[in-house]
Amino acid sequence: MSDTTHDGGIALSSPPSADEGLSASRLADKYGLTVSGARPGLFAYIRQLWGRRHFILAFSRAKLTAQYSQAKLGQLWQVATPLLNAMVYFLIFGLILGTNRGMSQEVFIPFLVTGVFVFTFTQSSVMAGVRSIAGNLGLVRALHFPRASLPVSFSLQQLQQLMYSMIVLVAVAVGFGSYPALSWLLVIPALAMQFVFNTGLALVMARLGSKTPDLAQLMPFVMRTWMYGSGVMFSIPVMLEDKPQWIADVLQYNPAAIYMDLVRFALIDGYGSENLPQHVWAVGLAWALVVGVVGFVYFWKAEERYGRG
Numbered sequence: 001m002s003d004t005t006h007d008g009g010i011a012l013s014s015p016p017s018a019d020e021g022l023s024a025s026r027l028a029d030k031y032g033l034t035v036s037g038a039r040p041g042l043f044a045y046i047r048q049l050w051g052r053r054h055f056i057l058a059f060s061r062a063k064l065t066a067q068y069s070q071a072k073l074g075q076l077w078q079v080a081t082p083l084l085n086a087m088v089y090f091l092i093f094g095l096i097l098g099t100n101r102g103m104s105q106e107v108f109i110p111f112l113v114t115g116v117f118v119f120t121f122t123q124s125s126v127m128a129g130v131r132s133i134a135g136n137l138g139l140v141r142a143l144h145f146p147r148a149s150l151p152v153s154f155s156l157q158q159l160q161q162l163m164y165s166m167i168v169l170v171a172v173a174v175g176f177g178s179y180p181a182l183s184w185l186l187v188i189p190a191l192a193m194q195f196v197f198n199t200g201l202a203l204v205m206a207r208l209g210s211k212t213p214d215l216a217q218l219m220p221f222v223m224r225t226w227m228y229g230s231g232v233m234f235s236i237p238v239m240l241e242d243k244p245q246w247i248a249d250v251l252q253y254n255p256a257a258i259y260m261d262l263v264r265f266a267l268i269d270g271y272g273s274e275n276l277p278q279h280v281w282a283v284g285l286a287w288a289l290v291v292g293v294v295g296f297v298y299f300w301k302a303e304e305r306y307g308r309g
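Sequential numbering of the sequence shown, starting at 1, is according to the UniProt record's numbering.
Note that these hints are calculated values from the structure, not bench results.
With a straight-line Cα cutoff of 30 Å, these simulated DSS-like cross-link-like pairs (lysine-lysine) come out: (1) K301 to K211; (2) K211 to K63; (3) K301 to K63.
Please build the complete structure, drawing on both the sequences and the hints.
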């Protein structure tokens, strides 16, 4: 196109752009542009997370190693801490309050130690999940990676911590007359289900904790209440035998109690199936799948908002 200027010359003008009149979204679609930090699709997100599996494992190991690096006893505290907790609970609840009602000493002590170790696995995973995003904002803002890597890594760290505790648990079980048997293999699926449950719950708490820092101060009270209601230090059916049955059912079917009972049943000779609620394995699997899937989707839906604002 051309126009005549005031002095009789000819001025050339450029043709209109092919992009003229297109909205920002249409332009982005045309040139294949995407929003920086946008949330990927769910299956793409899962693939990204799987691609970071080596980072997740290495990060969990580094956190576990650094946890007691300033203490003189170092990694021995990984075993000593839950064992000391079990000793305190035995002194208060076993000797003073007599919560070993209905159980011999050979059953009650492994029962108590198992409860403390298994519940601590869930408790530590939840508490680590609350702080996993809020406590690592520098990493979240500096690098691009699936944010779910952090709560998953912290849950994996707690699983590794539990493996050290299991050494003590096995020694306690053998010391009180429960010797290795095929039933001990049931510990593997029980802890696998608990790990999935813990990870899902940690993902939920990670999203909530990323926007509400005060949640980290509230959760110890929530976890303590959960512990006292889960039969860590006592047998729920025996202690509540004079209460309405529905109360015992609610407490027995809560996930923390389910996973403790499964491990107790696997390891302790005197703790038989009569102590377990009906369909306990199906209930444990249902808790793991529901909380694991819902927690993962719930966390993924806020992926683009972590570390902002």
